[in-house]
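If you read the sequences in order, they're chains W and X.
Using our numbering, read the first sequence as starting at 1 and increasing by one per residue.
Using our numbering, read the second sequence as starting at 1 and increasing by one per residue.
If a hint is listed, it holds; no wrong ones were tucked in.
For lysine to any residue, the following SDA-like pairs were computed, each having C-alpha atoms within a straight-line distance of at most 25 Å:
1. Lys344/X / Ile291/W
2. Lys189/X / Ala343/X
3. Lys186/X / Phe85/W
4. Lys218/X / Ala147/W
5. Lys200/X / Leu167/W
6. Lys200/X / Val251/W
7. Lys332/X / Trp71/W
8. Lys189/X / Phe80/W
Source of the hints: derived by calculation from the structure; they are not laboratory data.
So you can see what is in the structure, the chains are spelled out below.
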Amino acid sequence: MSAHNEHGERPAEVLFGERLTRRDHLRRSAMLSGPGFLWVVIFLFLPLLFMVGISVLSRGAAGEISLTFTWENFQRFAGFGELGFDPMYPTIILRSLVLGLATTAICLVMAFPLTFFIAGLRSPLKNLALTLVVIPLWTNLLIRTYAWQILLAGDGWLARAAAWVGLTGAGEALYPGTLAVYTGMVCDFLPFLVLPLYASVEKMDWSIVEAAMDLGANGWRVFQHAVLPQVKPGVAAGCILTFIPAMGTFVIPDLLGGSKTMLLGNAIQQQFGPSRDWPFGAAITLLAVVIVMLGLWLFYRLDAKRGEGMIL
Amino acid sequence: MFKKLWLLGMVLGTAVSTWAQANKLNLYIWSEYIDPEIVKDFEKKFDCKVTIDVFEDESAMLAKIQGGGAGLYDVVVPPEQVIGTMVSLKLLAPLRHQNIPNLKNLEGRFYNPVYDPGNRYTAAYQWGTMGIYVRQSKDKPVAETWGILFDPKQQAGSFVLIDSHRDSIGAALKYLGYSLNSTDPKQLKQARDLLLDAKKRSLGFESGVGGKNKVLAKGATAAIVYNGDAARGTKEDKDTYFFVPKEGSEIWVDSMVVLAKAPHRDLAEKFINFILDAEVGAKLSNFNQYATPNKAAKPLIAPEDLKNTAIYPTPEILAKLEFLKDPGRQAKLYDEIWTQVKAK
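With the rest of the complex left out, here is chain W (with noise of 0.2 Å):
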């Protein structure tokens, strides 16, 4: 065959199951990966744009967003404020990074064993604790969240029994308070660590454990080598789905922990909520969306530094 058809076209090639031209092939992708595309550009990449624009644009006296163009916002957030350099945004940010990865943290360490044990389970047995596992998802995070206040409230069997050990007073409530906090998050966020590290899990090859075994390496060195680079893909994109959503939560925190603390999802809604302040709460926004990003870059270049590429 002749490089050009009688067409003056690239020969064909065999894609999506046919024999396609190279035009076919355009308008065949562009059909399946339109839909998605358009979706992404108009309600992900605009809206992010305008957000950008917003951020260095400053707020009117009437809380409206007025065309004038300044860095204020930046400064604002770096901590130049009205009332001289005082930096609670970057304080805001580092605890609301804690709060994420302490949750994430807790999170891991216990869906390993929870995992491995389902994974051993009997088949039938299998799908119902998975299932137990998924429950809490089906019901509003609010009304879970709402839940714990009456389990942990004063008159509550958790607070009574607290007292009775003598860790608590008589009738004093076991929230608000950090542990009521971290309690709330990790239940409402295992369930995203879980089912991906569950994923890897079950299809691990158990033969190279076995073969790690049978060389002598001790239970440390068998989970290092043979089992963690086998989860490591369920690993990373658990913890993703876990960390992004606990540093941007607020309810739990305001819920459980009697808004006492501002975290990154309370000061941007004091922005575009009782402050009006757009322009502010977009620069907040930006930067926030800018810190999660270079976190995941440096995860990806670091692991890829260590030559056991990940799934990002």
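Got chain W sorted already, so can you dock chain X onto it with the hints?
Only chain X this time, still in chain W's reference frame:
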């Protein structure tokens, strides 16, 4: 293909325009704030359909109207502190007084008010105060001061603060003897330090209703709340009551306004006139336990409500109440103070 689309467009266009012409009133109001019977009576009298949407806080309401909802509603019931903002954003239509003869029923304080001289845009709907809702202890009476929250020596048991920046900062400013609307950085810093200290001793911040529920459930002894919520709480539990602290506090008025892009301006004004009627006004206040700004309605209000100082404060207290004003460019100052209170 295009012909079909064009036809479809025509049909939709006609449908939308008839829908807009139909006798319909779209009301945007705080939740549980109107007696459903009043709505039914209005629908019957003017042969129309009333659709109600509700909001829980005024910033969400404002965001919705600013963000493209200006043509969705006819009558909105915002608090006085956002009226100035709504006027300067050109969101409101002036009231045509000849269509609202019942405006004369408004009491002196609410006729020609500071936030809307000459009632150009607003007609008062209900009013109230902010104060402390507290569970009475058997041995000693509670001192009626903000000090039970802000002064560790006077603290009367556990308490919750209110999760709203203007209300919380306002309470602290009042305790210090300043105006609720102070924009003096020194005074605001003092209020911030007071709130930071109170926050550490408190059970945290809650909405007004949340605070009331916490006192009712014995989870806290005192909470900052709005008087109508407290009046309903006292009905449930006689050991709890509401007071306006002696240092003074906030008075608020929710007003009826017509949006500039209201699809049914005539009906909107008929609705406002209907609410301002003496009998309807009394029915409204008897329903929601807030005070009426309608002097013609007062004789028809339940006598026990009229005597209740939680709903109708005494003249001495009234003299110490202040309206919140929009801080305009100084909003950043309040925002910064609040972020510091929350973030530390």
